[in-house]
Amino acid sequence: MKRLLFALCVVLMTSTCFADKVNGVLSEDRVVNLPNDQGKWYVSVVGNANDAQYQTILKWFSQDIPLRKLKAQVHFCPVKSFSSTYEARYAANVKGLPTVRLQNHQGVVIYEAAGKNLPFTPQGLYGALAGSVSKAQRIPILPWRRNHARPCPRPGPCPTPTPGPPDFNLDPEPQPIDDGKAPDFDEAPVQSSLPPLWLMLATLVVSAGAGLAVEWKDIYAKK
Amino acid sequence: MKRLFVALVLCISLTGCEGDFNQLNPIQPKKPTVNAERPLVNIPMALRQENWIGNQREGSCVHATMISLMRWQGRTHLANKWKRTYANGEWPEGLASKFDREGVRYAYTDKGDVRFLEWASRTRRGCGITVMGGAHMVALVHLDDKWACLLDNNSISKYKWVSREAVIAEWKASHGWAVTPIYTPAAPKPQ
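These protein sequence lines map, in sequence, to chains W and V. Residue numbering for the first sequence is 116 to 338, as defined by our numbering. Residue numbering for the second sequence is 671 to 861, as defined by our numbering.
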């Protein structure tokens, strides 16, 4: 009987140990990964909800692929004028409506344009945003990649007609939860601060030639 | 011939010096002085939800705090719906089931894990924290290595700055429950 009891105890202990190891922590904690997105940048699109230009820009951010990709990488904040958020945080510092503003995670404005100064195509807006970012980060585009930066314009697909105005009584689609950082632009269509490659080579050849000529003169003119 | 060679090398090495100088010794542009907004979660007055008495004669501090945070995170319509639908006292499981029912994205701790508060402040979302032995919830709108800032739904007109240690001690002595929705925080004021 003693041996049976001992064996039972051993079995129970072993099974408890294994349960602990197999199941991990035996509490009811729900483990979640909180998004460490404090490094994400912010894009604010500010405007009057009834303004066609504002609606168009919002549409660009959901339909144009590069802008949609950018939207997923930043904290995207559509702000309607006359809202409390607008009154408290934008009214005093926007130059006009609609406004598109890109800020880094510290709030430093990297790009801002309003009203007529806004590009009138989604490609233009993306280019302007990308250009501002690369300027801020001081990343020159390599000369041989410049032609890739601005693709030739091609006729776009016909826009799908929407049955009515968008429903402004709904909150925007929630953004993906991820660990964010500064947005990653595909191409930055800005002028490089470096001179073109051919100019650098030409300068090298001319300088070398001049040096040779001077030396030639020094050596043979004396003779 | 030697002199010619030296001259050639000199010429080649000096070519383009001017162009490269800025790259070798970059002149750093004056970095703009960034004065981070304080508190980090600077909820506009009009978005702050005051506490109210529910139909069971209980205060609705948890719901009021969540509504303020939802508005700060751009979920105005969700916040308005929440105000119309829910009231009275709340506890972690009850709120979690309501969030699940409404499809709200949220995170919480009821174990007094300070890392949760630091995360909520760092990501500018803020969170509700229990105080007064668990009888009340306020919004934690800032937490740094010295200070914490609270927005009490019983007195929404002003922030209350308290030492970090005092807030953490109060919170841990009040069941250590902290909760927040997870959406997009309002953009910082331009610097």
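Hints are computed from structural coordinates only; laboratory data are not their basis. This one's a predicted model, so the numbers in the text were calculated from it and none came from an experiment. Some hints could be false.
[What the hints assert, rightly or not] A short list of chain V residues far from chain W (calculated; beta carbon distances all over 10 Å):
1. 724
2. 726
3. 753
4. 757
5. 789
6. 805
7. 827
8. 832
9. 843
10. 845
[Claimed, not checked] Pairs of lysine-lysine residues, derived as DSSO-like cross-links and limited to a Cα-Cα distance of at most 27 Å, are as follows:
11. 859(V) - 174(W)
12. 781(V) - 195(W)
13. 195(W) - 842(V)
14. 859(V) - 195(W)
15. 751(V) - 174(W)
16. 751(V) - 231(W)
17. 859(V) - 210(W)
[Claimed, not checked] Quick partial rundown of chain W residues pointing at chain V, CB under 10 Å, derived from the structure:
18. 149
19. 194
20. 198
21. 205
22. 220
23. 221
24. 231
25. 233
26. 235
27. 249
28. 289
For every residue, glycine included, the Cβ atom is placed at its ideal position computed from N, Cα and C.
Review point. When the hints from earlier in the document are held up against this structure, which numbers fail?
Key: Of the numbered hints given earlier, those the structure breaks are 5, 12, 13, 16, 24, 25, 26 and 27, listed in rising order.
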